[in-house]
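Asker: Residues per chain, in single letters:
2 protein chains.
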Amino acid sequence: MLENYDKAAAYSNLIKVAASSRTTAVAGAIAGIMRQNSSAKVQAVGAGAINQAVKAIAIAHRYLLQDGIYIIFVPSFVDVKIGPEEKTAMSFLIEISDAPTQSN
Amino acid sequence: MLENYDKAAAYSNLIKVAASSRTTAVAGAIAGIMRQNSSAKVQAVGAGAINQAVKAIAIAHRYLLQDGIYIIFVPSFVDVKIGPEEKTAMSFLIEISDAPTQSN
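Which chain is which? The protein sequence lines are A and B, in order.
Sequential numbering of the first sequence, starting at 150, is according to the numbering used here.
Sequential numbering of the second sequence, starting at 150, is according to the numbering used here.
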């Protein structure tokens, strides 16, 4: 049922992440989108997928910082349809901030 | 071993989240800190805890938006000591952005 979530499938600026997604692959996809666009959206359903998504965003943050791009993100809940079922997904809106602040 | 992670313990501006933390309680703690400070830090170890942390941040985002406060966050990896063990935690730096952008 979650086959479509199996890899980080990037179309337009939406990236769907599964529990089985590789964080570095997702991070690369995020970084690629952010280098071309000013925003990206990452969607994940379930604790395992959200875990991978957050790790991928942290890695992408690191990648892009090397290029002087500082990304920030805003989480929200969205309803998505997976097959016949409606589920609540976490959606992460990723944006570029031109005001780098203290990091740890 | 993870007792100290059992509830959202807020001291200074650091909030530790466990898999068993209630998202609304953590969200309330985040919102409380953000109303007083310009930043907060949320730490979580493991997929379950990261899941709760991200949901809590999304809820806090919603709470604070009602007060006209727009929060964003930046994830990173940190090494933490839990008892004798060293673990990699996700650290979420939460900040106020004064540039509200498109949300979904």
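Keep in mind the hints are simulated off the structure, nothing from the lab.
Take these hints with a grain of salt, some might be off.
Since the list gives no way to pick one copy over another, a pair counts as held whenever it fits inside one copy or between any two copies.
As the list claims (entries may be wrong) - No more than 25 angstroms apart at the CA atoms, straight line, and that leaves these computed lysine to any residue pairs for SDA-like:
1. K230 x Q215
2. K230 x R211
3. K236 x I218
4. K236 x R211
5. K236 x R184
6. K230 x I245
7. K236 x G181
8. K190 x I245
9. K190 x A207
10. K230 x Q185
11. K236 x S246
12. K236 x Y212
13. K236 x D216
14. K190 x L214
15. K230 x G217
16. K230 x S169
17. K236 x G217
18. K190 x L213
19. K230 x R184
20. K230 x A196
21. K230 x L213
22. K230 x L163
Note that the structure is predicted; figures quoted are calculated from it, not measured.
Asker: Each of the hints needs a verdict: does it hold here or not?
Answerer: Status of the hints after comparison with the structure:
1. K230 x Q215: Intra 37 angstroms, inter 28 angstroms, cutoff 25 angstroms: neither.
2. K230 x R211: between (32 angstroms within a copy, 23 angstroms between copies)
3. K236 x I218: Neither, since 33 angstroms and 28 angstroms both go past 25 angstroms.
4. K236 x R211: So K236 and R211 pass the 25 angstroms test across copies only (20 angstroms; inside, 31 angstroms).
5. K236 x R184: neither (30 angstroms within a copy, 32 angstroms between copies)
6. K230 x I245: Answer is neither: 29 angstroms inside a copy and 32 angstroms across each miss the 25 angstroms cutoff.
7. K236 x G181: Intra 28 angstroms, inter 30 angstroms, cutoff 25 angstroms: neither.
8. K190 x I245: both (12 angstroms within a copy, 20 angstroms between copies)
9. K190 x A207: both (14 angstroms within a copy, 15 angstroms between copies)
10. K230 x Q185: Result: close neither inside a copy nor across copies, 28 angstroms intra and 39 angstroms inter.
11. K236 x S246: Classified as neither: same-chain Cα gap 30 angstroms, cross-chain 29 angstroms, threshold 25 angstroms.
12. K236 x Y212: between (31 angstroms within a copy, 22 angstroms between copies)
13. K236 x D216: neither (36 angstroms within a copy, 29 angstroms between copies)
14. K190 x L214: So K190 and L214 pass the 25 angstroms test inside a copy (19 angstroms) and across (20 angstroms) alike.
15. K230 x G217: So K230 and G217 fail the 25 angstroms test inside a copy (37 angstroms) and across (31 angstroms) alike.
16. K230 x S169: within (19 angstroms within a copy, 27 angstroms between copies)
17. K236 x G217: neither (36 angstroms within a copy, 29 angstroms between copies)
18. K190 x L213: Answer is both; intra-copy 16 angstroms and inter-copy 21 angstroms each pass.
19. K230 x R184: Classified as neither; 29 angstroms inside a copy, 36 angstroms across copies.
20. K230 x A196: both (17 angstroms within a copy, 23 angstroms between copies)
21. K230 x L213: neither (32 angstroms within a copy, 28 angstroms between copies)
22. K230 x L163: within (15 angstroms within a copy, 36 angstroms between copies)
Violated hints for the displayed structure, listed by number in ascending order: 1, 3, 5, 6, 7, 10, 11, 13, 15, 17, 19, 21.
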